[in-house]
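Following the hints, put chains L, V, E, U and C in place on chain W, whose structure we already have.
Protein chains in written order, with my numbering: chain W, 221 to 554; chain L, 221 to 554; chain V, 221 to 554; chain E, 221 to 554; chain U, 221 to 554; chain C, 221 to 554.
It is possible that some hints are incorrect.
Identical chains blur together in the list; that is why a pair holds if it fits in one copy or across any two.
Lysine to aspartate or glutamate pairs mimicking EDC-like chemistry, simulated, CA-CA at most 16 angstroms apart [stated by the list, open to error]: (1) Lys468 / Glu370; (2) Lys241 / Asp490; (3) Lys373 / Glu342; (4) Lys377 / Glu537; (5) Lys222 / Glu433; (6) Lys394 / Glu370; (7) Lys513 / Glu545; (8) Lys440 / Asp293; (9) Lys513 / Asp398; (10) Lys400 / Glu370; (11) Lys445 / Asp293; (12) Lys513 / Glu401; (13) Lys378 / Glu346; (14) Lys394 / Glu545; (15) Lys478 / Glu433; (16) Lys478 / Asp398; (17) Lys378 / Asp295; (18) Lys222 / Glu405; (19) Lys440 / Asp484; (20) Lys478 / Glu397; (21) Lys373 / Glu397; (22) Lys394 / Asp283.
No lab work stands behind these hints, which were simulated from the structure alone.
6 protein chains.
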Amino acid sequence: MKQIITFGEVLMRISPIGNKKFIQSNAVEFYFGGTELNVGISLANFGGNVKHISSISDDFIGDTAVSYLNKFDLDTSSIVRSSRPLGVYFLEVGAVMRPSSISYNRSHSSFSEIVPSMVNWEKALENGKWFHWTGITPALNNGSHQTLLEGLKLARKKGMTVSADPTYRSGLWKYGEDAKEVLSELINYSTVFIGGVNEMNELLGTTYSYSNEDFIEASKALMVKFPSIEKVFDKIRTSINSSWHKIKARMWNGLEFKETTELDITHIVDRIGTGDAFAAGIIHGLLNFNDDKAMEFGNAACAIKHTYSGDVNYANEKDVLSILEGNVTGRLNR
Amino acid sequence: MKQIITFGEVLMRISPIGNKKFIQSNAVEFYFGGTELNVGISLANFGGNVKHISSISDDFIGDTAVSYLNKFDLDTSSIVRSSRPLGVYFLEVGAVMRPSSISYNRSHSSFSEIVPSMVNWEKALENGKWFHWTGITPALNNGSHQTLLEGLKLARKKGMTVSADPTYRSGLWKYGEDAKEVLSELINYSTVFIGGVNEMNELLGTTYSYSNEDFIEASKALMVKFPSIEKVFDKIRTSINSSWHKIKARMWNGLEFKETTELDITHIVDRIGTGDAFAAGIIHGLLNFNDDKAMEFGNAACAIKHTYSGDVNYANEKDVLSILEGNVTGRLNR
Amino acid sequence: MKQIITFGEVLMRISPIGNKKFIQSNAVEFYFGGTELNVGISLANFGGNVKHISSISDDFIGDTAVSYLNKFDLDTSSIVRSSRPLGVYFLEVGAVMRPSSISYNRSHSSFSEIVPSMVNWEKALENGKWFHWTGITPALNNGSHQTLLEGLKLARKKGMTVSADPTYRSGLWKYGEDAKEVLSELINYSTVFIGGVNEMNELLGTTYSYSNEDFIEASKALMVKFPSIEKVFDKIRTSINSSWHKIKARMWNGLEFKETTELDITHIVDRIGTGDAFAAGIIHGLLNFNDDKAMEFGNAACAIKHTYSGDVNYANEKDVLSILEGNVTGRLNR
Amino acid sequence: MKQIITFGEVLMRISPIGNKKFIQSNAVEFYFGGTELNVGISLANFGGNVKHISSISDDFIGDTAVSYLNKFDLDTSSIVRSSRPLGVYFLEVGAVMRPSSISYNRSHSSFSEIVPSMVNWEKALENGKWFHWTGITPALNNGSHQTLLEGLKLARKKGMTVSADPTYRSGLWKYGEDAKEVLSELINYSTVFIGGVNEMNELLGTTYSYSNEDFIEASKALMVKFPSIEKVFDKIRTSINSSWHKIKARMWNGLEFKETTELDITHIVDRIGTGDAFAAGIIHGLLNFNDDKAMEFGNAACAIKHTYSGDVNYANEKDVLSILEGNVTGRLNR
Amino acid sequence: MKQIITFGEVLMRISPIGNKKFIQSNAVEFYFGGTELNVGISLANFGGNVKHISSISDDFIGDTAVSYLNKFDLDTSSIVRSSRPLGVYFLEVGAVMRPSSISYNRSHSSFSEIVPSMVNWEKALENGKWFHWTGITPALNNGSHQTLLEGLKLARKKGMTVSADPTYRSGLWKYGEDAKEVLSELINYSTVFIGGVNEMNELLGTTYSYSNEDFIEASKALMVKFPSIEKVFDKIRTSINSSWHKIKARMWNGLEFKETTELDITHIVDRIGTGDAFAAGIIHGLLNFNDDKAMEFGNAACAIKHTYSGDVNYANEKDVLSILEGNVTGRLNR
Amino acid sequence: MKQIITFGEVLMRISPIGNKKFIQSNAVEFYFGGTELNVGISLANFGGNVKHISSISDDFIGDTAVSYLNKFDLDTSSIVRSSRPLGVYFLEVGAVMRPSSISYNRSHSSFSEIVPSMVNWEKALENGKWFHWTGITPALNNGSHQTLLEGLKLARKKGMTVSADPTYRSGLWKYGEDAKEVLSELINYSTVFIGGVNEMNELLGTTYSYSNEDFIEASKALMVKFPSIEKVFDKIRTSINSSWHKIKARMWNGLEFKETTELDITHIVDRIGTGDAFAAGIIHGLLNFNDDKAMEFGNAACAIKHTYSGDVNYANEKDVLSILEGNVTGRLNR
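The following block holds chain W by itself, in its conformation from the complex (with noise of 0.2 angstroms):
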C-alpha cells in the first residue's frame, strides 16, 4: 500500500490532570503531538499507511516519542535522531468563558534545527502518493522551511498529491523571512487547499468576506494565482463559549460548490488537533471517496476530535462514517 507523507514537528504535550491549571496541581499527563504529526496519526488510525518524517531528540524522551508514533504503527523509519531536545507545549485547557493557553519551549529544538541534508528525500518519499505540510513548518526556520521545500519539489516531480494546510501563526516566523512569499512558493507545489478565507486572504492580499460567494469567489481567485491548486476546503467554527462550538465544512472544487450540515458539540473534551483532524478527514476522504463525501468525512472527524483529550484523533474510519450516517445521539455500542 502506498503511502501518506506527513512531515513536521513532534511535540510533546504537557498538561494538567483533569483540567486544572498547573499552578493548582503537579500530577499532569504528556502525549505527543504537532499539526502534521496529528494528521499523519488520524489518517493512520482510519487505515492509512502513513510515514511521518521529522527530526528527534537522541534520548529516552526522544525514544519514549518515537515508541509513540509506533503505537499508532507510523513508519518512523525516516526519522532522524539528534542531540538537540524535543519540543515542549504546555497546555491549560480553559471552560466556559475562559480560554485555553499554551506555553511554547520549541525554538531551538530539534526540528526547528533540521536541515536539507538531514532528510534523505529519495528514500523517505520512495512509496509515497500523498504529501501534506501546513505553515507552522516553514515558519519555524530557515532550514525547515528549506527541508520542506526540498521535499515539496520531489513530491510533486513524483507527482504526488499534495495538500496544503497554509496556517498562518504571527507568533512564529521569526528567523527573517517573509510569511507571505515564503508561503506562497510552497503552495505552487500544491494541489488540495484545506484553509479559509482568512489564509486565501493573507496569500491574495484580499478581503473577502466569510459569505459563501465571497468563498467561492476567493477559491476562484486562488486557483487563478496558483493553478495547481484544485480543490479548496474550509470549515467555519462557531464558538458559543470554550466548552460549546458548533462547526461545518464548504468546499470548491474548481465546479461546483457544497456545504455540510453544522454539527453541534455542545460538551467539547479537548479542541486542540480538531482543525488536523479535519484535514486527515479531507486527506482520507479524497483518498477513499468522492469531494463531497470527502467534505463531510472532513467535518464530522473534526466533531467527534472535540469528544477526545489529548491532539490525537483516536477515531477510526466507522467512527466517523457512523456520524455521516447521523448516529449523532450516542447510543452505546456493546
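Showing chains L, V, E, U and C alone in chain W's frame:
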C-alpha cells in the same frame, strides 16, 4: 425486615480514568456492576434489606467483589464461590456524538456456568418478599436460565412479588435457546413488568408505536397474554447526544395511565446503570408509596444516576424525594 | 504598596478526585479555602498586596497551609499558630440535579478558638488600606467575634475602607449570641456592603423582593440604618441546575443604580468560592476603577471562578478584563 | 457464630499518595483506622465474626466510614451516629532515618464525646464471646472511659474473655483523670494482657528491664496485682531505621515462657497498625489454637502487616499460617 | 534484517497502583504481557527485529494490545484477530514475606482457542531466523499445542534456530494431554534449551540436584535424549524474601561449563517477567556475542528487569552491557 | 534578618509517577529544582531568610515557578522575567543496578540567556550576608558567567561570606570558555569551598587521592592558590547500588581536620539534590553553629534528603538536629 432478592451476574467494570480511551492511558479504575446487582445496591441505598445471589470466583478478585457488596450492606450469605473467573467488562465512556463502547469478557465466567444445584433456593428465599430478575440472566446459558427458573417458581409459590426487566440483548442468547420462548415462560412467574413497547412487541409479536395510546394497548395485550402481570412501567429517553438526555416515565396499572414530566439531564456523567436505577426506583416506590409516586420516584432515580460515575446509583431515598419535590437547581447542601 | 487585610478561618478542603463521592474512591485531593482567604488570594492574583490574618495549627498541616498562602504571595506575618487543629471540610461536587454536599469539621479548630489577645492589631494593620470581613467569622465563636470587632474598630480609626459580606449561615451561630445584633454592630464599622436583598432583609427586618426597585429601596433603608455604608453590591444567580447557572450583578451607590448583562455559565466546574470571587472583584474594582466598572469586574470575576476547581479564583486582572471586553468565546491563548 | 467485640474510635486517615509530604502534592488518599477497629478488621479477615461499637458522624463521611466497616463484613448494628464530626488524622510516612509523623484532629470527635447512655450494652453484647479494649479509649474523655467501663463490667458478668492492650500515650489523657488509676481499674476486668515491660512497669510502678527474666518476673507481679490476668503477650521490635525492623514475640501464661524466632522485615511499607495486627493475631490464635501457636500467629501477623499500606492487616488466616510454616521467601502465588 | 519469531498469548495485566491489593483501592493500571511476548519485546528493546504471532480479540481492548506491540516496534502483521476476548490476569505485588498473587482469566481467551488453520506459517516465518517458544503455549489447549507444533516443524525445516523455555506449570494442562509427552515432542524441534534442573528432571524422569556437577550431568543426559539440543542455559535464584533476591546463571554448551558471579538485587520493584528477560538476554547474546557472554548478558538482563514495574524489560543493549562492565552502583546518567 | 543570596537557574523537573520510565506511563509529576535553588529552599526550610535570584519565563509556567519559590517563603523580588522559556529536565529514577537518567532541555532557557544588565545587583544584595554559587551557572553561557561574576564582586565588596560549590560538569561548558580558568577567577571571590578532592585536583592540576591525608594536603594547596578560601567541606559517598548508599563528611578549616561517622541510607527514595542539601546544611551550620557541627549538620541534612522525592530537602532544622542526636531508628512522631 423482609428481604428483596436480586439474582444475577456480578461483573468487574474497568474504565480509563477521566473518560479516556484505553489506548490513551494505562491508568484505569474498576467498579463492580451487573444489571441485577445495580438494582440491588440502589435498593439498599434507598434503605431496603437486599440479598444478592450470584456465583463469584474463589480468588482475590472474588473477595474484592464480595467486599464491594458488603460495603453497600447487601446480604451476601447466599453467594456461591467457584473456580471460574469473575466476568469482566471494559467501558470507554463517550461524549457528545461519540458513543460509549463496551467490551465483554463474560462468556465462561463464574456466573455464566452456574447450575441449579449450586443454589439452595429454599434457604436463599426464606426471608424474601420481592424477587427481581432481568432478561440478561436467561440469555447467558442454559444453567443460569434454569437456576433462575427454579428461583422464580419458588418465589411465586411463597407469594413474593416478582418484577421482570425482560431486556432483550441480541448479542447474548448464544447457547441455543429461543429468547422469546424462554422469556415468556419466565414472565408467567412475574407480577410487575418494567419495560417498554419494544419489549412488549418482542413478546407479543406486535408492532405498537411509542405513542401513549399504543403503550396502553400494548400493556393491555401483555396482561391478557401474561395474566400474572399487574403493572407496566416504562421510561422514555430522548437523546440529544451522549452528554445530554431527557427522560420521562409512564405506567399502566390495569386501571389508569400516568406519565411524569420530562427531566432534562444536560451534563451526563455516566449513563450505565440508569435503567437499573429506574427499576430500583419503581420497586422501592411500590414497596413504600403508591403506583403514581413509584413512577415518579423511578424517573427521578433514573435521572440522578446519570450524575454518578460507575454502575451504582449512590442516591439515597432523601436525595430522590428531593428531586420529586422539585429541587433540581442544585442548591449546595451544607 | 498599602495592604488589603483579610481576616478569617483557613480551612483544608478535601474532595474526591474527578467529582466522585467519598464512598466511590479513596483518591482525594486537598486545597485550602475559607471565605475571607478566598477573597484575599483572589485579590493577590489580581495584583494586590494582601495580608491574611488567621490562627493556624502548629503542625505539618499548618505548615502546609502557610506555604499555600505564601504560594499566592500573601503576607503571612500576622498569622498566629496554635496547638488546635486546622479546620477541615469535605466536599462532594454535584452535577445536574444533584447538589454538592459539604461536611464540616471546624467547630474546635485553631481559628474558632482565637481570642482578641492573640492578635496584635496595631502591628497587623500598620500598613493597611482596606479591611474585608464576612459573617462567617462572628458566627463561629465569641472569641472570633470579639477579635474581629477589635480589628474593625482599629481599621475604622485608621480610616481604612471596610467591606462587609454579612453572609448569614444558620448552621453556624451556635455559641449563644444573636446573629442580627452582632452583625449590625459590625456593619456599623463598614463602608461597602457586598450582599443582596436577603441579607438586607435579615438586618432590617424587612421583606423586600428581588426586583430592582426593591433592591434600591432596601439599599436606601440600609444606608439609613447603617450610615457608614456608602455602596451596596449584589449579584443575582439563576440556577438551571448544578452544572449550569447564569449570573449578573447590580449596585446602588447612593446616587445611581446600575446592573450588568447576564453571563451564561453553561458548564460549571466548581461553584465554591464564586461569591468570594465576586467580593474580590468588587474590592479590586473599587480600588482601581470606578463603581460601575467595579460591578462589571466583580461579575466577570465571579463568572470565571466557576471554571476553576477548588476554592481559589486563579484569574488575574487581565483574564477578567478580557471578559469585560466581551471575549467570552474561549479563543485559544497561544 | 459468637462475636468478638471491639470498641473504640473510628478515625479517617489521610496520607499523601506515594509517601510524600503534604507540602509536596495535594493528591492524597484516605482509609479508616483506629487501634481497636484495626484489631476488629484483622480478626474479621482471619475469619472471625466481629462487631465493632463506636460513635460516628451522621453525614456522608460517616456513611463512608460505616460502608468501610461493612466492606470487611463487620457487624455495624451497634454503631451510634451523632452530629459531631468523625475524627481525622494526617500521616506522613517516613523512610530510613526520617520518622513518620502524625497530626490528629480528634479531640471533639463523635467518639470522644460518647457517653454511657448512648450505647445499649445489653443488646450490643448479646452474642459476644470476647471483648477487646485498648488504653486509647479511656484516655480520650471521661465519657469514653465510663462507656468502656460499663461495657467491660457487663462483658465479665457474661463470662466473656477480655483482652487489654493498655497502651499508654501521654499526648492524650488531657481530661483530668489519672491514667494509672483508670487503667488499673479497667485491667481488673481483663483476662489477657497484650503489652510489654513498659506497660507493666507503668501499672506496677516497677523498673523491670527488657530481659526475658525480667519479663517473666514482671508478668508474675502483674498477675499478683491483677488476678484476673491469665496470660501476658509481648512483642519486641528492633528498629534499624524507618524502613527496616526486626520483630519477635514472647509470652508468659502463668506456667511457661515461650518466645518466637525473630522475623526480619527488610522493606517496610507501612508500620501503622502493626501492633494492632499483633493483638488480633494473639486473639485469633487463642480462640483457635494454643498459647504457643497464638504467640507465633501474633508475631507473623504483625510482620506481614508491615507489607500493607494503610492501617488494616489484609492478611487472612492462610496467609499468616504460611509464614508460620516458614514460607518467607515470597514465592509467587499463581 | 532477519526476524526473531515469538509465538504465544498476549495477556492484559491489571495491577493496583502503588503495590496495593485490589480491596484497598480501585485505582489500577494495565500493561500487556505473556511470557513469549515479554521475550519478544525485550529482544526488540535490545535492537532485534521481532515478529510476535498471536490471536487477539477484535475489539478496542485488542486494538490497544496491538498498539502496545507496535509501540515496541514489533511486527504485528501475522497477528490474528478473533471474536473471543483477550486473556486477562490480575496481579497483586507482594513485599518482604508477603508473596505476589495472580488471578488468571484466560481459559477461553482469543489465543487459547487458536487452531492451526488460523496461522499462515509459511508467510509468518518467511523472514525468520530464530523461533522462541515456551511450555505455556502447549499447556493451554489442543489447538494452541498443534498450532505451535506446525510452526516449529516449519521453523526447523527452514533451518531456523529454535529456543525452548519448557516451563512446566501444573495449574495449566487441563485439556487432557500429557505434559511430558507433549513437551518432549516439541523439544525435538529445538536447539537451545533455556531451563534448569527441575525442567530437565521433568523431561528425563531423573532426580538431579542443583549442584553444578548434577547440572552438567543432566544437560548431557538431555542432549542424549534430545539430540537437537546444543546448549543449555539455567539461572539460579536465591530469595531472601519478596523484595530481595540474588541471581546467577550457568550453562553447558556440550563443551564447557560456565557460571556467572551472583548479582544482588536488594530492592526488587517487580519480579514478573524476569525469567523472560533472562531468555531474551540469552537469545540476544547468542545472536550477537559468544556463549559465555550470552550467559552473562542473560543474567544481567534478568537482574535489571527486577527494577522495572510491569512485565516488560525496558533495558536496551547498552544498559545491560553496562552492568556486564561492572557498573552496578547506579551512577546518575546525565 | 539579613539574607542569604542564591543565584542560579530554576528548572522544571518532570518525572513519571511511581518511578516508572516515560515509555511506561503518561502520568507524570513536576517540581522545580536547580542546584542553587535547592540550596536556597533548604536554607529557608532550616529557618533562613533567603533570596533567590534568577531569570524565569514570563508565562503561566514561570508564574507557577515563582509561586513555587514563594511557597517556601523565598524572597522572589529580584527575579527577572523574560520571554524565553523556563528550562526543563526529565528524570527517570533508577533502582538497584539501574541508574537514574536525566534529559535536559535548558540550553536556550530564560536563565541561560541572562546578561549582567538584567540584574540590579546593588538592590538585589542590599540586605545580603551570604552568597552561594555553583559551577553550573558559569558553565551555561557567557552571560550567566558574567552576571555571576558581577554579583560576586559586589558581594565581596560588601563583606558577605561567599560559598562555592564548583561542581564541574563536562556536559555543559559549550559556549567556548575554559572551565578551569573561569572557575578559578570565581573562587577568588569565595571564602567557603564545598567540594572534594576531584574538584580541587581539577582546579590545582594535581592528583590527590581520596585519603584523609591527601584531602588535607589538597585543601592546604587550595588555600595557598586561592587565599580567600578559609574552609573546605567534602562529603564521601559509597554506593552499594542506586537504592543503597553510605555517606560521611569531612572538613579542613585551616586548623584542624574532622570527619563524621558514616550514615547508612538503606532505602533511597531520591538522590537528586542531596549534594545541595549538604551545601545548605554546611551554610546553615556555619551561620548558626561551629565548624564541626556544621559538618555534622551538613552530613545529616544530606542523608535525610535521600528520603524525600523531588529536588527539595523538606527537613527543617529540628529534623536534622534529631539525626545528629542519634535518632536514626525512625520512631513515629505523634
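Going down the list of hints, with the structure as the test:
In the homo-oligomer, the alpha carbons of Lys468 and Glu370 never lie at most 16 angstroms apart, since the shortest distance is 34 angstroms inside one protomer and 55 angstroms across protomers. Both within a single protomer and between protomers do Lys241 and Asp490 lie at most 16 angstroms apart by alpha-carbon distance, with minima of 15 angstroms and 14 angstroms respectively. Only within a single protomer do Lys373 and Glu342 lie at most 16 angstroms apart by alpha-carbon distance; the minimum there is 11 angstroms, versus 41 angstroms between protomers. Taking the closest pair of Cα atoms, Lys377 and Glu537 never come within 16 angstroms of each other, the shortest separation being 30 angstroms inside a single copy and 41 angstroms across copies.
Neither within a single protomer nor between protomers do Lys222 and Glu433 lie at most 16 angstroms apart by alpha-carbon distance, with minima of 37 angstroms and 59 angstroms respectively. For the homomeric pair Lys394 and Glu370, neither the shortest alpha-carbon distance inside one copy (21 angstroms) nor that between copies (32 angstroms) is at most 16 angstroms. In this assembly of identical chains, Lys513 and Glu545 lie within 16 angstroms of each other by CA distance solely inside one copy; the values are 11 angstroms within and 40 angstroms between copies. Taking the closest pair of Cα atoms, Lys440 and Asp293 never come within 16 angstroms of each other, the shortest separation being 38 angstroms inside a single copy and 46 angstroms across copies.
Neither within a single protomer nor between protomers do Lys513 and Asp398 lie at most 16 angstroms apart by alpha-carbon distance, with minima of 36 angstroms and 42 angstroms respectively. For the identical chains of this complex, Lys400 and Glu370 are neighbours neither inside a copy (18 angstroms) nor across copies (45 angstroms), given an alpha-carbon limit of 16 angstroms. Taking the closest pair of Cα atoms, Lys445 and Asp293 never come within 16 angstroms of each other, the shortest separation being 38 angstroms inside a single copy and 45 angstroms across copies. Taking CA atoms no more than 16 angstroms apart as the test, Lys513 paired with Glu401 passes in neither setting, with 33 angstroms inside one copy and 45 angstroms between copies.
In this assembly of identical chains, Lys378 and Glu346 lie within 16 angstroms of each other by CA distance solely inside one copy; the values are 9 angstroms within and 32 angstroms between copies. When the C-alpha separation of Lys394 and Glu545 is checked against a cutoff of 16 angstroms, the pair qualifies neither within a copy, at 45 angstroms, nor between copies, at 29 angstroms. In this assembly of identical chains, Lys478 and Glu433 lie within 16 angstroms of each other by CA distance solely inside one copy; the values are 12 angstroms within and 43 angstroms between copies. Taking the shortest Cα distances, Lys478 and Asp398 never come within 16 angstroms of each other, neither inside one copy (33 angstroms) nor across copies (50 angstroms).
Proximity of Lys378 and Asp295 under a CA criterion of 16 angstroms is satisfied in neither setting, with 20 angstroms inside one chain copy and 29 angstroms between copies. With identical chains, the CA atoms of Lys222 and Glu405 are never at most 16 angstroms apart, being 27 angstroms at best within one copy and 44 angstroms at best between copies. In this assembly of identical chains, the alpha carbons of Lys440 and Asp484 never lie at most 16 angstroms apart, being 30 angstroms within a copy and 41 angstroms across copies at closest. In this homomeric assembly, Lys478 and Glu397 never come within 16 angstroms of each other (Cα to Cα): the closest approach is 36 angstroms inside a single copy and 51 angstroms across copies.
Taking the shortest alpha-carbon separations for Lys373 and Glu397, neither the intra-copy value of 20 angstroms nor the inter-copy value of 43 angstroms comes in at or below 16 angstroms. For the homomeric pair Lys394 and Asp283, neither the shortest alpha-carbon distance inside one copy (29 angstroms) nor that between copies (25 angstroms) is at most 16 angstroms.
Violated hints, listed in ascending order, are 1, 4, 5, 6, 8, 9, 10, 11, 12, 14, 16, 17, 18, 19, 20, 21 and 22; each of the other numbered hints is respected by the structure.
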